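Participant: Protein chains in written order, with our numbering: chain X, 50 to 347; chain G, 9 to 331; chain Z, 136 to 379.
Derived by calculation from the structure, the hints in this document are not laboratory data.
Certain hints may be false.
Just a few of them, taken from the derived set where beta-carbon distance is under 8 Å, the chain Z residues facing chain X [unchecked claim]:
id	residue
1	Leu190
2	Pro222
3	Gln223
4	Ala229
In this text the structure is predicted, and so the values were computed from the model without any measurement.
Glycine is no exception: its CB is placed at the ideal position from the N, C-alpha and C atoms.
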Amino acid sequence: MIQYLADGIVNAALIALGAIGLSMTYNVLRFANFAQGEILTAGAYFTLLVVTVLGAGIGTMGPIAFGWPLLVSMLVAIALTGAVVLVVDMLLFAPLRGRNASRITLIMAAFGVSLMGRNLVMLMTGGEPFYYDFYIPRAFALFPGFEVVPDDLAIVAIAGLAFALLFVLVNRTSMGRQMRAVAENPTLARVNGIDVRAVIRWTWIVGAALATVAGALLGHNTQLRPEMGFDLLLPMFAALILGGATNLYGTILGAVVIGLTEALAVAIGLSGYRAAVTFAVIVVFLLLRPQGLLGERE
Amino acid sequence: MMEGMLSFAVFFLVFASFYALCSLGLNLQWGFTGLFNVGVVGFFAIGAYASAIITGPAYPDTLFGGFGMPFPFGLAGAMLSAGVAALGVGFVTLRLREDFLAISTFGVAIAIQLVCLNFEPLTRGPNGMYSLPRPFAGLFATHAFDNVLYLVVCLALIAGVYLAFERMVRSPWGRVLRAIRDDEVAAAALGKNVFAFRLQSFVVGSAVMGLAGALYANFQGFISPADFLPIFTFQVFVMLIVGGSGNNLGALLGGLFVWFLWSMSEQVMQALLPPTALTQAAAARIVLIGLVLALMLLFRPEGILAERRIVSREARLPRAPKR
Amino acid sequence: MAEALLAVHALEAGYNPSLPIVRGVSIEVREGEIVSVLGPNGAGKSTLLKAIAGLVRITAGRVLLDERDITGLDTHRLVRARVAYVPQTENVFARLSVEDNLALGALHNQDRFDTLRQRVVALFPDLERLRSLAAGKLSGGQRQMVALGRAMMADPRLLMLDEPSAGLSPRLTRQLLTQLTRVRDSGMTIVMVEQNARAALSISDRAYVLVDGREEIQGDAESLLGDPALGALYLGAAPGTRSR
Numbered sequence: 050m051i052q053y054l055a056d057g058i059v060n061a062a063l064i065a066l067g068a069i070g071l072s073m074t075y076n077v078l079r080f081a082n083f084a085q086g087e088i089l090t091a092g093a094y095f096t097l098l099v100v101t102v103l104g105a106g107i108g109t110m111g112p113i114a115f116g117w118p119l120l121v122s123m124l125v126a127i128a129l130t131g132a133v134v135l136v137v138d139m140l141l142f143a144p145l146r147g148r149n150a151s152r153i154t155l156i157m158a159a160f161g162v163s164l165m166g167r168n169l170v171m172l173m174t175g176g177e178p179f180y181y182d183f184y185i186p187r188a189f190a191l192f193p194g195f196e197v198v199p200d201d202l203a204i205v206a207i208a209g210l211a212f213a214l215l216f217v218l219v220n221r222t223s224m225g226r227q228m229r230a231v232a233e234n235p236t237l238a239r240v241n242g243i244d245v246r247a248v249i250r251w252t253w254i255v256g257a258a259l260a261t262v263a264g265a266l267l268g269h270n271t272q273l274r275p276e277m278g279f280d281l282l283l284p285m286f287a288a289l290i291l292g293g294a295t296n297l298y299g300t301i302l303g304a305v306v307i308g309l310t311e312a313l314a315v316a317i318g319l320s321g322y323r324a325a326v327t328f329a330v331i332v333v334f335l336l337l338r339p340q341g342l343l344g345e346r347e
Numbered sequence: 009m010m011e012g013m014l015s016f017a018v019f020f021l022v023f024a025s026f027y028a029l030c031s032l033g034l035n036l037q038w039g040f041t042g043l044f045n046v047g048v049v050g051f052f053a054i055g056a057y058a059s060a061i062i063t064g065p066a067y068p069d070t071l072f073g074g075f076g077m078p079f080p081f082g083l084a085g086a087m088l089s090a091g092v093a094a095l096g097v098g099f100v101t102l103r104l105r106e107d108f109l110a111i112s113t114f115g116v117a118i119a120i121q122l123v124c125l126n127f128e129p130l131t132r133g134p135n136g137m138y139s140l141p142r143p144f145a146g147l148f149a150t151h152a153f154d155n156v157l158y159l160v161v162c163l164a165l166i167a168g169v170y171l172a173f174e175r176m177v178r179s180p181w182g183r184v185l186r187a188i189r190d191d192e193v194a195a196a197a198l199g200k201n202v203f204a205f206r207l208q209s210f211v212v213g214s215a216v217m218g219l220a221g222a223l224y225a226n227f228q229g230f231i232s233p234a235d236f237l238p239i240f241t242f243q244v245f246v247m248l249i250v251g252g253s254g255n256n257l258g259a260l261l262g263g264l265f266v267w268f269l270w271s272m273s274e275q276v277m278q279a280l281l282p283p284t285a286l287t288q289a290a291a292a293r294i295v296l297i298g299l300v301l302a303l304m305l306l307f308r309p310e311g312i313l314a315e316r317r318i319v320s321r322e323a324r325l326p327r328a329p330k331r
Numbered sequence: 136m137a138e139a140l141l142a143v144h145a146l147e148a149g150y151n152p153s154l155p156i157v158r159g160v161s162i163e164v165r166e167g168e169i170v171s172v173l174g175p176n177g178a179g180k181s182t183l184l185k186a187i188a189g190l191v192r193i194t195a196g197r198v199l200l201d202e203r204d205i206t207g208l209d210t211h212r213l214v215r216a217r218v219a220y221v222p223q224t225e226n227v228f229a230r231l232s233v234e235d236n237l238a239l240g241a242l243h244n245q246d247r248f249d250t251l252r253q254r255v256v257a258l259f260p261d262l263e264r265l266r267s268l269a270a271g272k273l274s275g276g277q278r279q280m281v282a283l284g285r286a287m288m289a290d291p292r293l294l295m296l297d298e299p300s301a302g303l304s305p306r307l308t309r310q311l312l313t314q315l316t317r318v319r320d321s322g323m324t325i326v327m328v329e330q331n332a333r334a335a336l337s338i339s340d341r342a343y344v345l346v347d348g349r350e351e352i353q354g355d356a357e358s359l360l361g362d363p364a365l366g367a368l369y370l371g372a373a374p375g376t377r378s379r
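Go ahead and model the full structure; you've got the sequences and the hints to work with.
Facilitator: What follows is the structure in structure tokens.
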């Protein structure tokens, strides 16, 4: 049982990394970004591209089966993913915002981007799974009866580091303060001299960066498939809703709950229904606390 | 040759009918009531499986179903099942704001697909349900005539749904729906039970999607979870957007037009590309349809046929300022 | 007399080009003045300020700030032109702390943050005590202080206030008006829109009265205050009997 817990935590870390971008676009741009999963996928494949171009493998760090080459590739991939996301925003979402398009129009556009992104990856890779490197997880006993994989520990540590950086950005920098201001009241933010367009750019970039980290780590841990990000979309949304939608820490906490719930579902033999279990958690939560989900009035 | 063309056209139109019905159902929910249902395929799947269980043969490995009842019972059962499912889903989700509704319905569709895939005692899981009875089969020497008859049934059902919806949206009931879509608070202030109206619209629209699912199942004679993927929902959305949401005729035309593009692109790609590239070809078509959607949203958001103003001229006010 | 700091010429603005709400308004605000814009509900007072702030589309006319044309300026550039605007409602970032609100006000003056903050705290000493509270948790009067303080952190030459007394008790209104005169004395020029005409006139140098999107009457505050016909027509009821 406790073994499933460890899986749940790793899963939670990946969900949280992805869901933060969702939460940021939800609060700053005010729509549910159905293409968030594909940002994650893009990050994973861009990392693969860089790993391949560098040709240095993914390295190792002591017992961990990946090292600097993968991390450096990931950082380059963050720039590439961020650039793609900004171009999509410029071509599609920005004109829609400029027209004061409804939230639903934005969601629909995102739904379209999601399908296009997934199928572009399919088109370019032929749909075959890819791997960064040949990797067999080797577990060691942290204490009797509880084994952990060094890579899993590394994943959780990297996620923790990313959250710490995010915390500093949001709470200790001027851009973070501006993001919170735009999230709360875009008009007042503009009156205050905040360039909302710049804030929106940074929102996309930060979300894409964390999603790229999630994608690369997920790709290392499993495999790269065109649907890898899309399959995480529902858990990410669930984390967002559980966390109360307007609060980044809530989103992380929500991700932990979802990750553990999914691990529990697997533990009791419902692995085929994993996503459905996630969904059931949202539904139960919605039934119990509908008012907590409505977020702030606009 | 001529016969081949004709039978292809019939086949094409039968499939277009499934989409047209879903598009009409979604138009009631979204076009007229503003409910963003991302789970169209879920209700379509429920209809298909319900009809398969009601009309299909008994399989050795299922615990329930195989009632072998006539086709009309399958249709009715499909509408009923999808409607009941919509009632449950709607009851939980329709009080939410629009984007949470979108997320929830998206989740519903995934959950339904997982049930189809994993709940083998009912659905036979990935093996699917086969040998579903095709109405009119065996009445004629060739399949071509069955298909024509089937098409007639589909068209009659579409006509029925279309006329019913046209009546409904012009009735006081439909007026309330549009009022809710345009200004929920004002509608509530007028003493309308917003939730009840939304629920009714959601249930009726979903029942029509269920009907489409039953027609699909009994035409194909075989269904499996792979038939019910999110791309289906997306196609229906593109149809409605291209046709013009809020316009029933637009919903039908959009269904026909987008299905035409979709099928033609398949034919073209099959003719041009080697069989080894068919995965890529399918992906390319989806990218293409995504592009169509994006361009429509950007350059003609009202669709080919814009919503007709059903409001009388003197009652019309200039659009309220956006603040 | 010096040139006007703010000069609005024949301004037309509104949400719908065919139905302008402000229909040809000209006003002038000179350096160091407090000028009130008065008038009945729906006269276009708030829309006038929003148009100057770039929040409502201007369809005709010009806005000059110190002889520089700022007509239709991007809202977020207004602060750099040294104009601060305080909306009537939702004028603080409710989820952010008082200190964060002040910091956001000084977005383009980070290097002078301490000096600017000292000036604000000298005027509104309570803000020091409330600094770490979320602005949304404060009372109406305290929130108004945060809103004014935030605007002052931009070190504006011109402060535009939309109904600063809205929702405040008569006592708090008097207190606010005293504070506004002190804000002016610290070197800022103020133009404010007010329902509460008598209160506004009591601290104003001059005033404009808008009716139906046009400016009907202008004059110095004292003569307007003493004009009974005007009071009956446009200025609403006497203090104490206001219904809002």
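Participant: Decide, hint by hint, whether the structure agrees.
Facilitator: Results for each hint:
The criterion of a C-beta within 8 Å of any C-beta in chain X is met by Leu190 (chain Z), whose closest approach is roughly 7 Å, and the hint holds. The beta carbon of Pro222 (chain Z) comes within 7 Å of a beta carbon in chain X, closer than 8 Å, and the hint placing it at the interface holds. The interface hint given for Gln223 (chain Z) is broken, as the beta carbon of that residue sits about 11 Å from the closest beta carbon of chain X, more than 8 Å. The criterion of a C-beta within 8 Å of any C-beta in chain X is met by Ala229 (chain Z), whose closest approach is roughly 7 Å, and the hint holds.
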